[in-house]
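Colleague: One-letter residues, chain by chain:
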Amino acid sequence: MSFLTDIAIDAEALSAEVCRDSDGAVVTFSGFVRDHHEGRQVESIFYEAYRPMAENEIRRVVESVAQRLPEVRMAVQHRLGLVRVGEASIVIACASPHRAEAFDACRALIDGIKEMAPIWKKERSPDGEEWVGWQGGGRNEE
Amino acid sequence: MTAEGKSLTVNCSAIMRVRLLLFAVLRDIVGSDEQQLDVAPGTSAQDIWSALRDRHSRLHGYVKPPMTAVNLEYVAPETILRDGDELAFIPPVSGG
Numbered sequence: 183m184s185f186l187t188d189i190a191i192d193a194e195a196l197s198a199e200v201c202r203d204s205d206g207a208v209v210t211f212s213g214f215v216r217d218h219h220e221g222r223q224v225e226s227i228f229y230e231a232y233r234p235m236a237e238n239e240i241r242r243v244v245e246s247v248a249q250r251l252p253e254v255r256m257a258v259q260h261r262l263g264l265v266r267v268g269e270a271s272i273v274i275a276c277a278s279p280h281r282a283e284a285f286d287a288c289r290a291l292i293d294g295i296k297e298m299a300p301i302w303k304k305e306r307s308p309d310g311e312e313w314v315g316w317q318g319g320g321r322n323e324e
Numbered sequence: 306m307t308a309e310g311k312s313l314t315v316n317c318s319a320i321m322r323v324r325l326l327l328f329a330v331l332r333d334i335v336g337s338d339e340q341q342l343d344v345a346p347g348t349s350a351q352d353i354w355s356a357l358r359d360r361h362s363r364l365h366g367y368v369k370p371p372m373t374a375v376n377l378e379y380v381a382p383e384t385i386l387r388d389g390d391e392l393a394f395i396p397p398v399s400g401g
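Taken in sequence, the protein lines are chains A and B.
Positions 183 to 324 (the numbering used here) are the ones given, in order, by the first sequence.
Positions 306 to 401 (the numbering used here) are the ones given, in order, by the second sequence.
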């Protein structure tokens, strides 16, 4: 199953997908597009991915968490394309017999995905649009 | 992803073909999302980046590529390219 989607994410369906009768906890994380960033108003975000590599990297993050926390079942959906304020850009669901592992897995997944997956966002504000993280974020001139 | 891409060059072993992919801000700066490059054996990802940097003033502050991937795997920029490789320069990621 793909971790990337071009349509709105159904968080309820994602939770239902991972939850079994033996689970006492389902932790979900939803990342939303908010209406501001570093003092600027934000109207929407356009997400782009290097799709096959992003799929691989997200799978790798999931597998590494699964190895550490084998009792947790996990589902991840990251949205691509235009995402408006108030819509989810990513939803993660982690189900486990006990809550500690589910919280742990959920946090590890979002942190790992944000660090590793080749996905980029372009913020659209009333002043124009800009790719996040480029200006001042990696200049390495000596 | 197969690494054994069929080379278009028939009798010239001194030229390798590399597919360069550009995303997000890098695509905007360079003006294309994909380039077929003919390169000499021994060429590294860093060599390709340096050539790109020479041609685009907005890249002058970036002596090294932000991040580099060959055939869908992160690699060091010094990695030597092989015929048929898919090379991508990865601007700072901002998913989630």
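Since the hints were made in silico from the structure, they are not lab data.
Any given hint could be a false lead.
To be verified - Here are the computed distance ranges between Cβ atoms for each label pair:
1. A:Pro308 with B:Lys369: 47 to 55 Å
2. A:Glu311 with B:Ile320: 23 to 31 Å
3. B:Ala356 with A:His219: 29 to 37 Å
4. B:Glu383 with A:Gln249: 28 to 36 Å
5. B:Pro397 with A:Arg266: 17 to 25 Å
Model, not experiment: these values are computed from the prediction.
Every residue gets a Cβ at the ideal spot worked out from N, C-alpha and C, and that includes glycine.
Colleague: So, against the hints stated earlier in the document, which numbers end up violated here?
Modeller: Structure breaks hints 1 and 2.
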